[in-house]
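Visitor: Sequence:
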Amino acid sequence: MAISIKKIVSIGLGGLMLGSTFCSSAFAVEKVGDVDSFVSDIVSTDNSNVDIIVGSNSVAPDVVSAANIAAKIGSLSFLEQNGKSAAATLSVSASASSDDFDLLNDDATDDSINFTSNGNGLFIACADGDCADALVDITYDDSTGLDADNGAKSLGKLSTLSSVDDIDPSDWFNSDDDAYEFLFAKLNNDSGEWNINEEGLAYAVISFKDDASSFDDITTLCPGKRIPFMGEEWVIIGMSADKDSFALGKEVYDGVIKEGESYTLGNGYEVKILSIIQSLDDEDECKVNAQLLKDGKVITEVFDNPRLNMCSNGIGVRINSAWQNIGSDYGYAELVIVNNMKCLSLGEEYIPDWEAYGILKGNNTLEYTDDFKSFEYGQKKVGLALKYVGDDLEDIESGDEITIADYGTFTLDDEDEDDKLRVFFEMNEEKEVNIVKNQKVNVLNAEIVADTIFAGDEESLTVNAPVVKLDTETSMESSENPLILVGGPVVNSITKELSNAGLVAIDDDSLATLAVVSETANGNDVLIVAGGDRSATTEAANALIAMI
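Per UniProt numbering, the very first residue in the sequence shown carries number 1; after that it's consecutive.
Please keep in mind that the hints were generated in silico from the structure rather than gathered at the bench. Bear in mind the structure is a predicted one, so any value in this text is a computation, not a measurement. Any given hint could turn out to be false.
Said to hold, decoys possible - Lysine-lysine pairs mimicking DSS-like chemistry, simulated, CA-CA at most 30 Å apart:
1. Lys380 with Lys243
2. Lys258 with Lys272
3. Lys420 with Lys380
4. Lys373 with Lys243
5. Lys496 with Lys380
6. Lys243 with Lys294
7. Lys297 with Lys258
8. Lys420 with Lys373
9. Lys342 with Lys380
10. Lys342 with Lys243
11. Lys381 with Lys243
12. Lys297 with Lys342
13. Lys243 with Lys209
14. Lys209 with Lys272
15. Lys342 with Lys420
16. Lys209 with Lys420
17. Lys272 with Lys294
18. Lys294 with Lys373
19. Lys258 with Lys380
20. Lys297 with Lys287
21. Lys373 with Lys209
22. Lys272 with Lys297
23. Lys469 with Lys496
24. Lys297 with Lys209
25. Lys342 with Lys272
26. Lys469 with Lys420
27. Lys272 with Lys243
28. Lys420 with Lys287
29. Lys381 with Lys420
30. Lys31 with Lys496
31. Lys31 with Lys469
32. Lys209 with Lys380
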């Protein structure tokens, strides 16, 4: 997988300074070699001069650590300018592929899918390979169009699909559940001709219990929780039964506002908690009077018991709870504020040829719904799907790349051999997101915070930030830049090469380590960021980020 923080462009004004979410913490790490000098030379003439290498067999935390290192280094590449604060646009790109399956050499021992006769089979990929496996031996309701005669096959993890590791970060629901992106493709074999019918492709987001991956662990979504959607993290603001829609927004603020105080979003917008009044019917309940203002004028206002929403002009507020202090002198509202809101109307096209649906979980069954009121007893609202409703795709052959929701692709490749036809999912995605000061963005598994945005003349700034590459895409002999290797010898082949040469010592018992090997990559220095396990490697990466 390759990840790049490619460009930062101000909207009309100025430059951007980014910071990793880990950069303010202190970390215990073992240093080997002149780590401080390596770090001080990472950026020169306002552009990064390093390549970041992650192993092709790396676990997700290593990939995220590499992306976070790239983001922090990228923050040093941007020029500050004077003037009033402004918004900015961040562009991030990533590429990866899933496991593959050879349609012409079906292994008879693989009883999950069989293409030896006419019929159809379902292929699945996910941000977590175990979760993809969990959706193989289940029933897909007719509403999905994904039930396959010849079974289903998990193609494992597609590392550029996004996930949210804690969909309830403020513990509104006392859960640490996770959510993952999925891709589905149902391929038909018609006497050796390969086709995909209408409804045979899907993109989905489904939530699972924390660190769990069985079908029984699929769990409920509701407003206030976070999900990945099209490579970015979003807050669910509404799952309206009346409007049959998902309302999503990008988090700007998550916390508590005192009665009489406001939160300023920028561009003249502010959210104000005007009053909090104890209910006459229940002393444990409070009503909240909240306002959204633009340039001091009220745009919209709500007065009701939590949980409630207030939305207008692309800005949304989800108020989860409210209370008064012991003396009932003043109150507080717990809420999340979002911007860049979007609404997905169920049963209607979100993008051309792709309709949005809610996902219901029943007894070993997944079902699509366009009516949140219609679900049966025992069913749970567990996800969001985009279903293909375009023309049938006929006579698919090697070299064809079937685009799924303008996001991922399902690809056929015979590798120039007559007796092969491999299928796999892949992504080569670039996402561009707007960001304001102190706002967090999670895009293609890279989490970034804009510490400061400065405005100056009306111009755009384009810079070179580091690219995260696979160990299979580079070598020490051909490297033009110093290297940062993320991961130990088990997952990173270049780290293994250095370990085998006796130039670095990383084993299962190693602590979080930052080790510099001088002039070994075509005359360039190499910094190894690793530890004895994935948590130690993450700790080493966080320590490096704190040093930059």
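Visitor: I'd like to know which numbered hints this structure contradicts. Please list them from smallest to largest.
Guide: Of the numbered hints given earlier, those the structure breaks are 3, 5, 8, 14, 15, 16, 18, 19, 24, 28, 29, listed in rising order.
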